[in-house]
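Participant: Listed below, chain by chain, are the residues.
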Amino acid sequence: MSGTHADEPSVLQHHFDNLGQQFEASTLGMWLFLVTEILFFGGLFTAYMVYRMAYPEAFAEASHHLNIVLGGANTAVLIGSSLTMAMAVYAAQRGQRERQVVFLVLTMVLGMVFLGVKSVEYSHKFAEGLIPGPNFRFEGDAIHSQLFFSLYFVMTGLHALHMIIGIGIMAVLTMMAWKGRYTARYHTPVEVSGLYWHFVDIVWIFLFPLLYLIDRHGAVR
Amino acid sequence: MDTAVTPHANYLTDGYTLKSWLLTRDHKRIGLLYLISVTAFFVLGAVFAAIIRAELLTPAGDLVASDTYNRLFTMHGVVMVFFFLIPAIPSVLGNFLVPIMIGAKDLAFPRLNLLSWYLYTFGGFFTLWALVAGGVDTGWTFYTPYSSAFSNSNVALVVVGIFINGFSSILTGLNFVVTIHKMRAPGMTWFRMPLFIWAHYATALIMVLGTPVIAITLVMVAAERLLGLGIFDPKLGGDPVLFQHLFWFYSHPAVYIMILPAMGIMSELVAAFSRKAIFGYSFVAFSSLAIAVFGFLVWGHHMFVSSESVYSAMAFSLLSFLVAIPSAVKVFNWSATMYKGSISFEAPMMYVFGFVGLFLIGGLTGLFLAAIAVDVHVTDTYFVVAHFHYIMVGGTIMMFMGGLHFWWPKITGKLYNEFWAKVAAATIFFGFNLTFFPQFIVGYLGMPRRYHAYPPEFQLWNILSTAGATVLAVGYAMPALYFAHSLLRGQPAPSNPWGAKGLEWETTSPPPTHNFDTPPVVTEPPYNYAK
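Top line first, the protein sequences correspond to chains A and B. The first sequence runs 1 to 221 under our numbering. The second sequence runs 1 to 531 under our numbering.
Excised from the complex, chain A in its bound form (with noise of 0.2 Å):
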């Protein structure tokens, strides 16, 4: 039954009956743009596969190059971060303002360690003469090993830049959820931020293997 209680108006908008409603919708929103964000990256891996079969070697070569180590703690990094956010969504549900503030904090932390690592990592791709253009340097297939660092900084730069779009979602979510204006009964702008993080994480464990992972069971080179 909705109207029974007394902050009812102050969240539910106008054009809906009642707090379930505007929540489904909101939800089913949300899961409709995370189908749009699978296709736009779903172009990207398109490309990849289509150059991945068509140059294996290159790719398995290039991917050499890249630092696992980083990578790897990188990932556990991320896979925190959607621990911390699944945290925060439960202690939305609970009303918790305090532990909602905190898990959105530390996860806000850990998705600016991954920028951090990504950061270096960049950098030394660009000591290394690998950023693709006139001065890419590598020894061996240049022209398509080049293809493949294109390809992982679009990947990898379109993958940070929705990291930091969440990050700007989770800092207005933690001032909302400091000033309470999440409670129990009203938390849909926490659930909808947690789905698009967990989306972005969920990226990165395919972008993980696909560019780091390359012929590593095969002799060491």
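If you only want the chain B side, here are some residues facing chain A, beta carbon under 7 Å, derived:
#: 1; residue: 105
#: 2; residue: 108
#: 3; residue: 177
#: 4; residue: 209
#: 5; residue: 213
#: 6; residue: 228
#: 7; residue: 237
#: 8; residue: 242
Which chain B residues stay away from chain A? Per the calculated CB distances, all over 10 Å, these:
#: 9; residue: 21
#: 10; residue: 53
#: 11; residue: 129
#: 12; residue: 225
#: 13; residue: 317
#: 14; residue: 339
#: 15; residue: 345
#: 16; residue: 357
#: 17; residue: 418
#: 18; residue: 452
#: 19; residue: 512
Cβ-Cβ distance ranges computed for the label pairs, FRET-style:
#: 20; chain 1: A; residue 1: 99; chain 2: B; residue 2: 226; range: 40 to 46 Å
#: 21; chain 1: B; residue 1: 449; chain 2: A; residue 2: 67; range: 47 to 53 Å
#: 22; chain 1: B; residue 1: 15; chain 2: A; residue 2: 49; range: 51 to 57 Å
Please keep in mind that the hints were generated in silico from the structure rather than gathered at the bench. As the structure is a computational prediction, the values presented were derived from the model and not from experiment. Idealized CB from N, CA, C, for every residue including glycine.
Here the structure of chain A is known, so what remains is to put chain B in place on it, guided by the hints.
Facilitator: Coordinates of chain B only, in the frame set by chain A:
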């Protein structure tokens, strides 16, 4: 005339300031904002077309230089496809009608809806900037490696404009899907929804699933131009044909973004002016979904001459033929609806007949083009140009106009001049056929597209085409005049001037801000004209 009539408070009287329009979250006002901007882009695209037709009046390339001509047809395509045909029906009529037809107060995300208009406008601004800066000459298809490595025109600007505009399309589609799932009035079950809603649902799915792919593709082209990456550059190991795959994966379904909403309007108009329930409701509903699904599986038919393997060409050819089935289901069901109906010939119904005629020709020539051998023969000729204008322009504009006339009294609360509306409808139909039918012939004879000069033996057909374009321009200008007259001097419209069925006719004309004075409850099937 009684001058003392106080109009019922409605969405138009709810604030008169500029701010009340530019910051509105009312789907009806946003629909009108779209109507204004979409019309402006249509006029712009039409000016380009007019110069193209003037150039082609004579075989020699004497009006504009070849470089200018390249920019003209490119800008014509970009403006018409991305800034008119794709948003025209969903963003104007869909925006206005989807919530009302299902008995909702608004779309699920009113702020995103307003944002989508601003994104559209912002993307359009980039395109205009590119135009002022000297235009772009790649053709609206932006084929690589010309667009990525060689063209010296403003490719990046236009690409950014289309990228931004793509978000507007995604937001509209997302809004429609969520609204149709979650906001239906009590009693409005899926199979009581008007077919306009089914068509917009299918359209919205394509917008949501297709648009991101063109977005990332254009990002890659921009990255090639600006950062020197080589994803589509053969010199750097890239494959230009990959671009064509990604481009057509969106741009073929985009044709269905244009035509499906038009088919939705068809169903409404045919039923209303035949005074009969639509024949085979669920077949028409599911054929919309079938077209949306098949639409994603046929992109390879644009690439029969682009080093595609014979076997994939055969598969794409077969799948392209299959699209004819749901399309034909619709045309047969509309015809069957009219059979023994009590048909009246108001202006919207004129557009219905116009649509059937143009869609039939456009659709059947589509089968010619799905056949590999014929397609290879006519690839890049005016035959293709004529075919897609019949479908995209003929189909979409016929129903954009038909729908605009049909719902004009609801949108504005005013009646328009029926006589001139009929004259305009007939003029448009005649002008359209005179413009584009000769292009089938001259294309089949071998006149290639995208050249500003041509052999003298093709001149007769081109003169006919240019004459048709002139008639067409007059036909398109007429509604501007009598609609303006209707706004200023038109008789007030009753709630249901056509005696049509549907929730939008149960509320006042124009509707109140929240669409209904009392929330509607649906108790009867759609198109219940027999009652």
